[in-house]
Amino acid sequence: MGLLDVLLGRTKPVPPNLDALFALPSAAITLQAATDFVPTGTGSVSFRAAEGRAFSDIEKDVQDLLSMGEAKSSVEITADSYGFTWLVCTHAADDIEGLVTDLHAVNSSLEAGGFGPQLLCTILGFRDASGSRLGLVYLYKRGTFYPFAPQAGERRNNATEMQIRGVLGNDLKIEPDLGRWFPVWGAPGL
Amino acid sequence: MAKTRYATDKGLIARMGATMFLIGLVFTAFIIVIVWLLTQYSNVSSGGIIFIAILVGVGVSFGSYYWSDKIALSTAGARLVEPQDGPMAAELHGVIDRLCALADMPKPRVAIAPGDMPNAFATGRSSKVAVVCVTEGLLRRLDRNELEGVLAHEMSHVAHKDVAVMTIASFLGIMAALLVRFAFYSELFGGGGRGRGRGGNDQNALPVVLVVLLVGVVVYAISFLLIRLLSRYRELSADRSGALLTGQPSALASALVKVSSDIARIPTRDLRAAEPLNAFYFAPALSATQGQVTLSTIFSTHPSLEKRLAALEKISKQLSK
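Protein sequence lines, in the order shown, are assigned to chains A and B.
Read in order, the letters of the first sequence correspond to residues 20 to 209 in the numbering used here.
Read in order, the letters of the second sequence correspond to residues 117 to 437 in the numbering used here.
In isolation and in its complexed conformation, chain A is listed as follows (with noise of 0.2 Å):
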C-alpha cells in the first residue's frame, strides 16, 4: 500500500497469481522422486463466497463447468467451517496435469466474474506408504506454495515440511516468511 492509500484509508483488494499453478504438476514428478509421498490425485480451491447472486451464479456455472468432464474425474463442494466453500477435484492419482487444468478453470472463471480477490488457496494432495498426509498449498495472494503436513490432534509435522520445503525449492516459489504457512486443519479433499 502506498503513502495515499493509508492517508485515505482505502485498501485496494489484491489480485490472485494463477499462473503459478501450473508448476505443480512437475514439482510432483520432483515430490515423488525425492520422498514417498504420491499425488492422491484430489485438490481442491477455496474462496470465500461473497453474498449475492453475482456470486452464487458464478459458482454455479463453476461446478457445471467440472461436471461436465470426463468420467474419470469428479468435483464437490463443501463448505468449511470458517464460512470457505472448498471445490475439490478428484482425479485419477497419475493425472496431475488434468487435476491443475480444472483447478485452473474454476480460479479463472471467477476472476473473469470479478471475484478473484476472494480467492484464498489451492491444496494438492498427498500422501505416503504409511498413510501422512501433505497438502502443497498455493496462496493466490502471494503467489507462493508451501507445505502443510496435518497430524492427528491439529499438530503439524514441522520436520516434513521443512523436508518438503528443501526437496521443492527449485520447482516451486516457496513462501520464505513461515509466518505466513497458515494451517488448514481438515481442509476438504487432504
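Every clue listed holds true.
Computed beta-carbon distance windows for the label pairs:
1. Gln-182/A - Lys-430/B: 47 to 57 Å
2. Gly-162/A - Lys-430/B: 30 to 40 Å
3. Gly-172/A - Phe-178/B: 42 to 52 Å
4. Asp-24/A - Ile-187/B: 19 to 29 Å
What the hints contain is simulated information worked out from the structure, not anything from laboratory work.
These numbers come from a predicted model, not from an experiment.
Don't be surprised by glycine CBs; every beta carbon is placed ideally from N, CA and C.
Please arrange chain B on chain A, whose structure you already have, making use of the hints.
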C-alpha cells in the same frame, strides 16, 4: 485486466482528504499565529516555549504511538493468545489466518480481553507489531461469519495504519493545548520578572496572554471536531475495506446491530472503564445512546449505526450486481 467489483468510494475519500487538509491548515495557521504573536508582542522568549512545547508534544505523541499496543492491551486487561490456548483462541486464530491470506498481509498478534462487553479493537504502530483484540463477550455473542466481519474491520484499521494517522492528526490538538499552557505559565512566572527590567513591554504582556489563550482554545476546539470527523471517516473506510475483503457486508452489518444493541444493556461501570480506548474500538461503548442526541453526533469517534448500515447496504448491492 479482469474486471473488478471493488470500486473505491470517491465521496468518502474526498471528504476524508478535505478533513485532513483542514487539520493541516489549522495546524499551520496556528503555529504561524502563535510564533508571530509571541515574537511581536511578548517579552517571553517565545523560541524556548515553542521548542519545549514541540518537544513535549512530540514526546507524548510518539510515546502513545510507539507503545500503543502495550497501552491498549493493559488498559483493556487483555492477554495475548496462541492457537493452542483453547477453542476460543484456536477459532480466532483460524479466522485471522484466513483473512491474512485473503488480504496478503502479515499476521497480527491476537489477544482476548476479559469482560462481557462485546467489542474489539486493533492497535500497534505497524502491521508487524499490530494486535487485534476481541472481548470474551464478543466471542460469545457473534457467530463465525459476524466475527469474521468484525475482525476484517479491525484488520483494515491495521492495513490503513490508523494508529499512525490518528496520532499525527491528534498532534495538532496536543500542541495547541501545550502551547497555551506553556505560554500562560511563562508569562505568569517568568515573563513578568524580565518584563519589569525592560519597562515598556509590561502593558502588552497581559493582552498577549489572553490572545494566545483564546487562539489556543479556538484551535483546540476546531481540531477536536476535525479529529472526531476524521475518526468517523476512518471507521467507515474500515467497514468498507473489511466488507469487501470478506465479500459479506451483511455479516458485518448484523454484527454491528448485535454489538450496539447489546452495549445498551450493560452496566455503566464497564462503560467508563473502557472509555479511554474508544477511538480504536469497533463500536464505542456509548454509541447506543447516541441516536437521540444530535450534538453528540459531531463529538463521537464512530459514525452512527444507521450510517454504517446504510454504507454496508450499498456495498452489498454493488457486490450482487
